[in-house]
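Required output: the full structure, derived from the provided sequences and hints.
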Amino acid sequence: MQKIYSQILQIVGDVITVEARDVGYNEIAEVKTQNGTSLAQVIRLDGNKVSLQVLEGSRGISTDDKVRFLKHPLQVSASEDLLGRIFTGSGEPRDKGPRLTDNMTDLGGLSVNPSKRIVPKNMIRTGIPMIDIFNSLVESQKLPIFSIAGEPYNPLLARIAMQAEVDMIILGGMGLKYDDYLFFKDTLEEQGKLSQSIFFIHTASDPTVECLLVPDMCLAVAEKFALEGKKVLVLLTDMTNFADSLKEIAITMEQIPSNRGYPGDLYSQLAARYEKAVDFDTAGSITVLAVTTMPGDDVTHPVPDNTGYITEGQFYLKGGRIEPFGSLSRLKQNVNGDTRSDHRSIMDQMIQLYADYREAQEKHSMGFQMSSWDNKLLEYGKRFESELMDLAVNIPLEEALDRGWSILADIFEQTEIGMKESLIHQYWPKKEKE
Amino acid sequence: MTKKRLGKVIGVNGNMVAVSFEDKVMQNEVAYVLLGEQRLKAEVIRVRGNRADLQIFEDSIGIKVGNDVEFTGELLSVELGPGLLGQVYDGLQNPLPRIAEKHGFFLQRGAYLEPLEMESEWEFTPEVKKGDKVLSGTTLGTVPEKIFQHRIMTPFHIKGELEVSMIKEKGPYRLKDVIAKVKDEAGKEYPVTMVQVWPIKMPIKAYYQKIKPVDPLVTKIRIIDSLFPVAVGGTFCTPGPFGAGKTVLQHLLSRHAEVDIVVVAACGERAGEVVELLEEFPELIDPKTGKSLMERTIIICNTSSMPVAARESSVYTGVTLAEYYRQMGLNVLLLADSTSRWAQAMREMSGRLEEIPGEEAFPAYLESRIASFYERAGLVELRDHSQGSVTIGGTVSPAGGNFEEPVTQATLKVVGAFHGLSRERANARKYPSIDPLESWSKYTSFIDAEKVQKGVSILKISDRIERMMKVIGEEGTSTGEFISYLKGEFFDAVYLQQNAFDKVDESTSEERQKYVFDLIAEILDKEFSFEDKDEARKFFQELRQVFITWNTVAFQSEDFKQKEKDIRNRIGANKGKEHAKNI
Chain A
0 MQKIYSQILQ
10 IVGDVITVEA
20 RDVGYNEIAE
30 VKTQNGTSLA
40 QVIRLDGNKV
50 SLQVLEGSRG
60 ISTDDKVRFL
70 KHPLQVSASE
80 DLLGRIFTGS
90 GEPRDKGPRL
100 TDNMTDLGGL
110 SVNPSKRIVP
120 KNMIRTGIPM
130 IDIFNSLVES
140 QKLPIFSIAG
150 EPYNPLLARI
160 AMQAEVDMII
170 LGGMGLKYDD
180 YLFFKDTLEE
190 QGKLSQSIFF
200 IHTASDPTVE
210 CLLVPDMCLA
220 VAEKFALEGK
230 KVLVLLTDMT
240 NFADSLKEIA
250 ITMEQIPSNR
260 GYPGDLYSQL
270 AARYEKAVDF
280 DTAGSITVLA
290 VTTMPGDDVT
300 HPVPDNTGYI
310 TEGQFYLKGG
320 RIEPFGSLSR
330 LKQNVNGDTR
340 SDHRSIMDQM
350 IQLYADYREA
360 QEKHSMGFQM
370 SSWDNKLLEY
380 GKRFESELMD
390 LAVNIPLEEA
400 LDRGWSILAD
410 IFEQTEIGMK
420 ESLIHQYWPK
430 KEKE
Chain B
0 MTKKRLGKVI
10 GVNGNMVAVS
20 FEDKVMQNEV
30 AYVLLGEQRL
40 KAEVIRVRGN
50 RADLQIFEDS
60 IGIKVGNDVE
70 FTGELLSVEL
80 GPGLLGQVYD
90 GLQNPLPRIA
100 EKHGFFLQRG
110 AYLEPLEMES
120 EWEFTPEVKK
130 GDKVLSGTTL
140 GTVPEKIFQH
150 RIMTPFHIKG
160 ELEVSMIKEK
170 GPYRLKDVIA
180 KVKDEAGKEY
190 PVTMVQVWPI
200 KMPIKAYYQK
210 IKPVDPLVTK
220 IRIIDSLFPV
230 AVGGTFCTPG
240 PFGAGKTVLQ
250 HLLSRHAEVD
260 IVVVAACGER
270 AGEVVELLEE
280 FPELIDPKTG
290 KSLMERTIII
300 CNTSSMPVAA
310 RESSVYTGVT
320 LAEYYRQMGL
330 NVLLLADSTS
340 RWAQAMREMS
350 GRLEEIPGEE
360 AFPAYLESRI
370 ASFYERAGLV
380 ELRDHSQGSV
390 TIGGTVSPAG
400 GNFEEPVTQA
410 TLKVVGAFHG
420 LSRERANARK
430 YPSIDPLESW
440 SKYTSFIDAE
450 KVQKGVSILK
460 ISDRIERMMK
470 VIGEEGTSTG
480 EFISYLKGEF
490 FDAVYLQQNA
500 FDKVDESTSE
510 ERQKYVFDLI
520 AEILDKEFSF
530 EDKDEARKFF
540 QELRQVFITW
550 NTVAFQSEDF
560 KQKEKDIRNR
570 IGANKGKEHA
580 KNI
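In order, the protein sequence lines correspond to chains A and B.
Sequential numbering of the first sequence, starting at 0, is according to numbering that gives the first Met the number 0.
Sequential numbering of the second sequence, starting at 0, is according to numbering that gives the first Met the number 0.
Bear in mind the hints are in silico, worked out from the structure with no lab data behind them.
Check the hints yourself; a few may be wrong.
What the hints assert, rightly or not - Taking lysine-lysine pairs in the BS3-like style, the calculated list, with each CA pair at most 30 Å apart, reads:
#1 A/362 <-> B/469
#2 B/429 <-> A/362
#3 A/419 <-> B/290
#4 A/31 <-> A/2
#5 A/120 <-> B/412
#6 B/525 <-> B/513
#7 B/562 <-> B/502
#8 A/70 <-> B/182
#9 B/7 <-> A/375
#10 A/48 <-> B/180
#11 A/419 <-> B/158
#12 B/63 <-> A/2
#13 A/184 <-> A/230
#14 A/31 <-> B/63
#15 B/158 <-> B/128
#16 B/7 <-> A/223
#17 B/204 <-> B/180
#18 A/65 <-> B/7
#19 A/381 <-> B/469
#20 B/7 <-> B/23
#21 A/120 <-> B/101
#22 B/7 <-> A/48
#23 B/502 <-> A/317
#24 B/182 <-> B/2
#25 A/362 <-> B/532
#26 A/223 <-> B/211
#27 A/375 <-> B/513
#28 B/450 <-> B/219
#29 A/120 <-> A/176
#30 B/158 <-> B/211
#31 B/158 <-> B/3
#32 A/70 <-> A/31
#33 B/562 <-> A/65
#34 B/502 <-> A/230
#35 A/120 <-> B/502
#36 B/128 <-> B/180
#37 B/450 <-> B/525
#38 A/419 <-> B/502
What you are looking at is a predicted structure, and each value in this text was computed from that prediction instead of being measured.
Next up, the structure:
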């Protein structure tokens with residue numbers, strides 16, 4: 000029944016064309032080459048001409064290699080057996096474990112009916128004050144980490160993975176350096192979190208097409224577990240590599256580029272992935288944190304720009320710290336009202352004062368006159384940066400709030416911080432030393 | 000209708016399906032790709048020889064060359080009738096909550112449901128008698144729908160003078176029941192039910208004439224109403240980079256704008272935002288009617304992960320529903336968020352059709368499509384000489400926040416007001432982040448034009464001085480200049496900015512705006528005198544604090560009057576000696 004085609008008409012980039020009948024759009028096929036077998040996905044049908052992108056790249060494919068269509072779309076196994084395992088972008092084991100074939104789930108899948116979504120209301124604590132206090136992460140949120148190459152975004156991701164209170168973690172690596180892959184693996188292993196994690200890793204040396212599949216693999220598995228009631232955290236690094244792979248394939252397919260070579264559907268492609276983040280009415284949830292490196296620190300570059308329109312805020316990593324300006328969690332209002340009564344006030348006032356500090360600092364560097372207030376601000380800014388902003392700081396939310404109060408109390412008078420009296424009465428630290 | 004016209008799939012590329020046909024096809028007609036049990040909706044968008052290109056409103060996964068395609072001979076249409084209010088539809092007018100009841104968490108491919116429940120009963124009261132002469136759009140009778148009298152009208156598509164040949168008596172009828180019959184001059188008889196079908200890409204024109212929009216539409220957002228007003232039946236756009244608060248602003252408009260009906264078309268944006276509307280609106284009470292806001296709202300949502308081709312139809316579906324209620328003499332506000340996503344959908348399809356690209360690969364017809372969409376707004380005089388209107392407000396999401404891009408520019412050419420959002424203002428948490436120096440409006444405000452002019456010019460001066468101070472420091476400016484700077488900052492902080500989280504401040508009535516603006520104008524006019532800059536700064540800081548509190552107390556309450564007295568006393572206390580160090 001399954002016919003084998005053995006005449007490849009065209010090989011361009013990683014896309015091959017064969018003449019075949021009865022082939023479904025987006026269906027997959029097996030290509031047997033002298034080096035082994037690779038999967039390929041149908042990406043265009045034109046009469047009897049079928050174009051397929053070969054997941055492992057077209058290198059070594061000869062025009063008489065055999066193509067066999069498998070009659071189903073790309074799938075991934077989604078069962079408990081995946082926990083603790085590491086796979087490639089096409090779902091092959093990267094560790095020494097067996098191949099998994101149970102419970103196969105289609106990639107991509109259907110989109111969630113908006114009327115079955117709920118407004119998310121649970122905070123995910125990370126132990127990072129810049130997130131917990133100032134831009135709380137919320138279950139089912141989709142948030143990118145905007146960063147320049149060279150910033151410690153992977154260590155940050157690993158830390159969130161270790162400390163976040165979730166049921167399981169799925170890590171998707173796209174164009175990851177091998178060292179970084181090992182770093183993630185070792186870190187999670189040391190903390191005993193590997194058994195709750197699943198890795199889909201495409202390293203920089205793997206074929207481009209596999210890079211495209213990583214988010215779909217991660218999210219298809221995540222969705223399966225979320226429907227079973229699990230709180231899943233999906234970490235993706237780096238989405239800019241994903242976008243670049245899209246660009247590469249689009250150009251191979253002779254699509255007209257729209258902006259800096261990226262295809263016109265970049266927004267829809269990214270949205271289709273990010274929108275998988277969801278809080279199901281009566282089941283679990285998917286939270287997505289994704290690194291997006293900004294070429295040249297340019298937030299208007301098509302990848303961060305389109306991402307910003309899709310996601311619910313962003314963390315802006317700069318100079319090894321999460322910048323309070325530019326970072327935003329759009330959902331924080333949903334959760335920071337019922338943590339502690341001073342949470343919102345501390346958040347607003349400390350940021351306000353930090354903004355004033357930046358101004359004072361500018362004034363200082365321009366050589367303008369400094370008032371005593373300005374000097375207070377300078378001191379405040381320094382302490383704020385070292386005691387709360389620094390990524391090494393790792394304390395629970397309540398302790399971070401207390402620390403905020405003690406910084407304020409050390410520097411300012413009660414009347415200077417513009418806080419409600421009742422809060423000052425309740426939280427202002429009693430000085431014992433002096 | 001007699002025999003089905005069929006075709007065969009000959010190619011698939013993303014959401015474009017190429018089909019060969021034998022008989023005939025019509026441009027923009029609806030077709031279904033038959034995939035086993037599933038019928039996937041599509042629209043003909045190009046015909047060449049015996050090959051038709053279809054855009055498909057579903058994921059195209061699994062479609063094969065050789066699959067059957069059924070042409071319907073109908074343009075992409077919506078059903079219009081009682082029961083639309085309060086509904087949540089997707090871009091093709093499928094009722095999402097009912098789909099969820101039937102299919103659960105996910106949107107199944109090819110699962111379509113009728114938009115209106117044909118079996119539902121409505122109390123019909125006729126307004127014409129047998130033998131009356133009517134035109135298309137004439138009211139034949141009414142049924143009560145929520146707080147409105149929903150007019151059942153002669154179908155819009157029938158031309159010429161008609162005669163009522165049958166009309167049912169007052170009583171309850173099902174939507175699918177024939178309640179009247181009309182006969183045209185040639186003697187052809189048309190049965191009329193309470194539901195009519197209309198193609199979404201054609202404007203409804205069953206009115207007497209279009210008139211110029213003049214009256215301001217009260218949005219209760221001060222910076223819009225006072226400085227950059229929108230007219231009833233006008234158009235406006237809100238471009239802004241991400242994070243500038245476009246959607247929040249639209250939500251505020253949908254809650255507070257003084258119109259009868261609001262249609263929200265969420266096009267290609269986040270699902271989470273729609274969910275907020277869905278959870279919030281049924282709880283919120285419309286102060287005008289005392290009923291839930293949902294009763295005057297229709298939500299069309301085609302969020303970013305839903306099929307791209309349906310984005311275009313979601314905007315058109317929205318405007319068609321708006322036009323339908325306009326025909327009943329109502330004022331309707333259509334909010335489209337975001338028109339850029341619709342433009343991107345056009346670009347995607349244009350790329351698949353291998354058309355010659357224009358700027359940033361957008362198709363050459365982008366401008367004319369955008370223009371004809373906004374042209375569907377307007378104030379009309381209906382056949383019974385009552386008036387109805389559609390006001391359109393669209394957000395634009397320019398790439399990189401740069402307003403020079405094609406979608407923003409094409410939109411600016413056709414709209415009557417431009418509310419440009421700025422990232423700087425949003426970063427400084429100045430909301431709404433409409434930039435008062437860049438925005439404009441061609442409509443007139445209910446605030447005296449001269450006073451508005453004064454306000455705007457003080458903002459410009461203040462901005463100039465602020466930029467100067469960044470270079471030469473506060474030391475380098477005179478006290479007079481410094482006071483002008485403070486006045487501008489003050490105006491911005493207490494009037495242009497509005498706290499969306501405060502129950503009172505989030506919406507300001509026309510009356511209150513006029514009242515407060517008078518006082519503001521007085522303050523901006525007054526020549527103050529201060530010993531030095533610190534004194535000036537302190538004065539305005541304190542005045543600002545009182546004023547902001549004043550904004551949060553109910554209009555003309557005891558508290559309001561007291562705070563006002565406090566403000567007036569503070570201003571009066573400064574004697575403004577003309578010989579002082581001013582200038």
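Each hint, compared with the structure:
Proximity of residue 362 of chain A to residue 469 of chain B is assessed by CA-CA distance (about 9 Å); at most 30 Å being required, the pair is judged to hold. Restraint check: the Cα-Cα separation between residue 429 of chain B and residue 362 of chain A comes to about 22 Å, which is no more than 30 Å; the hinted pair holds. With a C-alpha separation of about 36 Å, the suggested pair residue 419 of chain A and residue 290 of chain B falls outside the 30 Å cut-off, and the hint is violated. The suggested pairing of residue 31 of chain A with residue 2 of chain A holds, with an alpha-carbon distance near 14 Å, which does not exceed 30 Å.
About 42 Å separates the Cα atoms of residue 120 of chain A and residue 412 of chain B, which puts this hinted pair outside 30 Å; it is violated. At roughly 19 Å between alpha-carbon atoms, residue 525 of chain B and residue 513 of chain B fall within 30 Å of each other, so this suggested pair holds. Restraint check for residue 562 of chain B and residue 502 of chain B: satisfied, since their Cα atoms lie roughly 18 Å apart, inside the 30 Å limit. For the suggested pair residue 70 of chain A and residue 182 of chain B, the alpha carbons sit about 56 Å apart, so the restraint of at most 30 Å is broken.
Straight-line distance between C-alpha atoms of residue 7 of chain B and residue 375 of chain A comes to about 76 Å, which puts the hinted pair past the 30 Å bound. As the CA atoms of residue 48 of chain A and residue 180 of chain B are separated by approximately 54 Å, the hinted pair breaks the 30 Å bound. Under the criterion of a C-alpha separation no larger than 30 Å, the hint pairing residue 419 of chain A with residue 158 of chain B is inconsistent with the structure, at around 68 Å. At most 30 Å may separate the alpha-carbon atoms for a hinted pair to count; residue 63 of chain B and residue 2 of chain A meet this at roughly 16 Å.
Under the criterion of a C-alpha separation no larger than 30 Å, the hint pairing residue 184 of chain A with residue 230 of chain A is consistent with the structure, at around 21 Å. With a C-alpha separation of about 23 Å, the suggested pair residue 31 of chain A and residue 63 of chain B falls inside the 30 Å cut-off, and the hint holds. Only pairs whose Cα atoms come within 30 Å are accepted, and residue 158 of chain B paired with residue 128 of chain B is accepted, the gap being roughly 20 Å. Annotation: proposed proximity of residue 7 of chain B to residue 223 of chain A is violated, straight-line Cα distance about 36 Å (limit 30 Å).
Our distance criterion of 30 Å between C-alpha atoms is met by residue 204 of chain B and residue 180 of chain B, whose separation comes to about 21 Å. With a CA separation close to 28 Å, the supplied pair residue 65 of chain A and residue 7 of chain B stays within the 30 Å bound. Between residue 381 of chain A and residue 469 of chain B, the direct Cα distance comes to roughly 23 Å. Compliance with the 30 Å bound is thereby established for this hinted pair. Straight-line distance between C-alpha atoms of residue 7 of chain B and residue 23 of chain B comes to about 13 Å, which keeps the hinted pair within the 30 Å bound.
Straight-line distance between C-alpha atoms of residue 120 of chain A and residue 101 of chain B comes to about 27 Å, which keeps the hinted pair within the 30 Å bound. Between residue 7 of chain B and residue 48 of chain A the alpha-carbon distance is near 16 Å, which keeps this suggested pair within the 30 Å criterion. For the hint linking residue 502 of chain B to residue 317 of chain A, the alpha-carbon distance of about 37 Å lies beyond 30 Å, and the restraint is violated. Note on residue 182 of chain B and residue 2 of chain B: the hinted pairing holds, with a Cα-Cα distance of about 28 Å set against a maximum of 30 Å.
For a cut-off of 30 Å, the pair hint linking residue 362 of chain A to residue 532 of chain B stands: about 17 Å separates their Cα positions. Restraint check for residue 223 of chain A and residue 211 of chain B: the C-alpha separation of about 56 Å exceeds 30 Å, so the hint is violated. Of the supplied pair hints, the one linking residue 375 of chain A and residue 513 of chain B is violated, its CA atoms being roughly 42 Å apart against a limit of 30 Å. Annotation: proposed proximity of residue 450 of chain B to residue 219 of chain B holds, straight-line Cα distance about 19 Å (limit 30 Å).
Distance check on the hinted pair: residue 120 of chain A and residue 176 of chain A sit about 36 Å apart at the alpha-carbon level, beyond 30 Å; violated. For the given pair, residue 158 of chain B sits about 26 Å from residue 211 of chain B by alpha-carbon distance, which is consistent with the 30 Å threshold. The suggested pairing of residue 158 of chain B with residue 3 of chain B holds, with an alpha-carbon distance near 28 Å, which does not exceed 30 Å. Taking the CA atoms of residue 70 of chain A and residue 31 of chain A, the gap is near 17 Å; set against the 30 Å cutoff, the hint holds.
For the suggested pair residue 562 of chain B and residue 65 of chain A, the alpha carbons sit about 84 Å apart, so the restraint of at most 30 Å is broken. At roughly 35 Å between alpha-carbon atoms, residue 502 of chain B and residue 230 of chain A are farther apart than 30 Å, so this suggested pair is violated. Straight-line distance between C-alpha atoms of residue 120 of chain A and residue 502 of chain B comes to about 22 Å, which keeps the hinted pair within the 30 Å bound. Restraint check for residue 128 of chain B and residue 180 of chain B: the C-alpha separation of about 11 Å stays at or below 30 Å, so the hint holds.
As the CA atoms of residue 450 of chain B and residue 525 of chain B are separated by approximately 13 Å, the hinted pair is consistent with the 30 Å bound. Proximity of residue 419 of chain A to residue 502 of chain B is assessed by CA-CA distance (about 19 Å); at most 30 Å being required, the pair is judged to hold.
The structure fails hints 3, 5, 8, 9, 10, 11, 16, 23, 26, 27, 29, 33, 34 (numbered hints given earlier, in ascending order).
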